[in-house]
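Visitor: Chain by chain, the residues run as shown.
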Amino acid sequence: MRTITVVGGSLGGYSAAQQLRAQGFDGRLVVVGTEVHLPYDRPPLSKDFLKGQIGTADLALGEQQDFDELEAEWRLGEFAARLRPADAGIELYSGEQIGTDGVVIATGASTRVLPGSAGVGGVHTLRTLEDAQALREELTTGRPNVVVIGAGFIGAEVASSCAALGLDVTIVEAAELPLARVLGTRLASACAALHSEHGVAVRFGAGVEELRSAAGHVVGVRLATGEELPADVVVAGIGVQPNTGWLSGSGLSLHDGVLCDSGGVTDLSNVVAVGDVARVFRPDLGRNVRTEHWATANGQPRIAVRNLLDGITNEQHTDMPYFWSDQYGVRIQFAGFVHPEDDVRIIDGDIEDRCFLAQYERDGRPVGVLAFNHPRGFGRARRQLSRPTLDVATS
Amino acid sequence: MFAVCRTEELPPGESARVVADVPIAVFNADGEYYAVDDTCTHQDASLSEGFLEGCFVECPLHAAFFDLRTGMPTCLPAKRPVRTHAVTVDNGVIYVDVTPRRTAGQDAALEQESVA
Numbered sequence: 000m001r002t003i004t005v006v007g008g009s010l011g012g013y014s015a016a017q018q019l020r021a022q023g024f025d026g027r028l029v030v031v032g033t034e035v036h037l038p039y040d041r042p043p044l045s046k047d048f049l050k051g052q053i054g055t056a057d058l059a060l061g062e063q064q065d066f067d068e069l070e071a072e073w074r075l076g077e078f079a080a081r082l083r084p085a086d087a088g089i090e091l092y093s094g095e096q097i098g099t100d101g102v103v104i105a106t107g108a109s110t111r112v113l114p115g116s117a118g119v120g121g122v123h124t125l126r127t128l129e130d131a132q133a134l135r136e137e138l139t140t141g142r143p144n145v146v147v148i149g150a151g152f153i154g155a156e157v158a159s160s161c162a163a164l165g166l167d168v169t170i171v172e173a174a175e176l177p178l179a180r181v182l183g184t185r186l187a188s189a190c191a192a193l194h195s196e197h198g199v200a201v202r203f204g205a206g207v208e209e210l211r212s213a214a215g216h217v218v219g220v221r222l223a224t225g226e227e228l229p230a231d232v233v234v235a236g237i238g239v240q241p242n243t244g245w246l247s248g249s250g251l252s253l254h255d256g257v258l259c260d261s262g263g264v265t266d267l268s269n270v271v272a273v274g275d276v277a278r279v280f281r282p283d284l285g286r287n288v289r290t291e292h293w294a295t296a297n298g299q300p301r302i303a304v305r306n307l308l309d310g311i312t313n314e315q316h317t318d319m320p321y322f323w324s325d326q327y328g329v330r331i332q333f334a335g336f337v338h339p340e341d342d343v344r345i346i347d348g349d350i351e352d353r354c355f356l357a358q359y360e361r362d363g364r365p366v367g368v369l370a371f372n373h374p375r376g377f378g379r380a381r382r383q384l385s386r387p388t389l390d391v392a393t394s
Numbered sequence: 000m001f002a003v004c005r006t007e008e009l010p011p012g013e014s015a016r017v018v019a020d021v022p023i024a025v026f027n028a029d030g031e032y033y034a035v036d037d038t039c040t041h042q043d044a045s046l047s048e049g050f051l052e053g054c055f056v057e058c059p060l061h062a063a064f065f066d067l068r069t070g071m072p073t074c075l076p077a078k079r080p081v082r083t084h085a086v087t088v089d090n091g092v093i094y095v096d097v098t099p100r101r102t103a104g105q106d107a108a109l110e111q112e113s114v115a
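Just so you know, the sequences run in chain order A and F.
When we follow numbering that gives the first Met the number 0, the leftmost residue of the first sequence carries the number 0, and every step to the right adds one.
When we follow numbering that gives the first Met the number 0, the leftmost residue of the second sequence carries the number 0, and every step to the right adds one.
Just so you know, these hints were derived from the structure itself, not from any lab.
Each hint should be verified, as a subset may be incorrect.
Pairwise CB distance ranges (calculated) [stated by the list, open to error]:
id, chain 1, residue 1, chain 2, residue 2, range
1, A, His-338, F, Thr-98, 48 to 56 Å
2, F, Gly-30, A, Thr-55, 53 to 61 Å
3, F, Asp-96, A, Ser-252, 55 to 63 Å
4, A, Gly-165, F, Glu-13, 35 to 43 Å
5, A, Ile-53, F, Gly-30, 35 to 43 Å
6, F, Cys-4, A, Ser-268, 50 to 58 Å
All residues carry an ideal CB built from backbone N, CA and C; glycine is no exception.
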């Protein structure tokens, strides 16, 4: 291959570009990124960045020297408009046509927007640096009442950061117990309890009926229960959708992501996908999995790039999903493929102390591990997880 | 020099964290002692809490590995080496030199830092 184009300039795209060079690709390398920035790290945006503890420079994923060494052509602030299946060419919105022999799709995902929030000031989502800057500015102007909608990890981290800034925060979640489907009820309860323990008001099992606004700015959130929460700032952490729109008509199979084989290779052998946008077949689970974790975007490119350069799937993704979250001074770490009905066993520490290591077990085998403030134990337990086995129950 | 602990308090595979000017992590890697700055160069994570494999320590947050002999990261996301420190054992007590050792890779990295 003489030219390879990486579409996506965040962690997955950057990691793919690095892997291409590390694995010996010395041809023309083009990286297309919709953001104007060189690759930066997103996890701190909802945490230290929002709290003002770190700045923009701290987010960089590489030094200038690292970027220089890649010898890549960067197309920053550019959107890919189309993938031409015949020659894997890329067409940008700017009109530029990039003739390319191979493509890495790393276009990530976009935040879901709260219905009825278009044009209403004070309503935020959080994904990009600009999102975080805009939110931080509003949080640090006066002393706004904040309502966070969605108590998944992003919502929980934002609520935690707002509490650390001394603001009045309410977190609203449609489910009776947030994260129960991800972590099971016992450990989801431990996560949910952190909010009220740290002075954040909770409304669980409460759907949002409408945003109330005056003079173009949000003033409140009315819940399905009829209650109205006063709000100067609203943050919606209600999930993301993979960025596949530009691939319609490309012939690639799209279904909540780009469908890939077990090695990240799409329907076209010279096109691979990685990170949030990739829906990868897992033979061990017997189903496709799309994983929105930092560690996945960082780790998948090594294998996908190998298969792209080989022209055939020689290596499969076998990594266990891993994510972490920092909330209210508690470092939460999780790894594995679990079901809500798996047995949960505390193998060290105590849930009450907010310092514990818990193992999920199925048929007596460890399939997942969750830790609160227990990084050492987590590192060990994570290595002892069983490989998943055919998982017909949830397919 | 900074007294860390007695050798019997740091068996193989274990680590200790001492706070000198900056926190330093001291490891017993299969009988060899190593010390590096405790804070991962990528983000705020404590390497003394990381998983030890041979003479490599894994950052407990992002799973980047550092070579304890050189301080060099082996993969993303860590970009810069951690500083290494000399460790000595005297009369059954482990001491760490709080002044970082200098290596070729680190000199380059430190130089970059002072420019930045």
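Visitor: All the hints need checking, so say for each whether the structure fits it.
Guide: Hints, verified against the model:
1. At about 52 Å, the CB distance of His-338 of chain A to Thr-98 of chain F agrees with the hint of 48 to 56 Å.
2. Take Gly-30 of chain F and Thr-55 of chain A: their Cβ atoms lie about 44 Å apart, and the range 53 to 61 Å is violated.
3. A hinted range of 55 to 63 Å holds for the C-beta pair Asp-96 of chain F and Ser-252 of chain A, which are about 59 Å apart.
4. A C-beta distance of roughly 40 Å is found between Gly-165 of chain A and Glu-13 of chain F, which places it inside the suggested range of 35 to 43 Å.
5. Distance hint check for Ile-53 of chain A and Gly-30 of chain F: the Cβ-Cβ separation is about 38 Å, which falls inside the suggested range of 35 to 43 Å.
6. Between Cys-4 of chain F and Ser-268 of chain A the CB atoms are about 56 Å apart, so this pair conforms to the stated range of 50 to 58 Å.
The structure fails to meet hint 2 from the earlier list, while all remaining hints are met.
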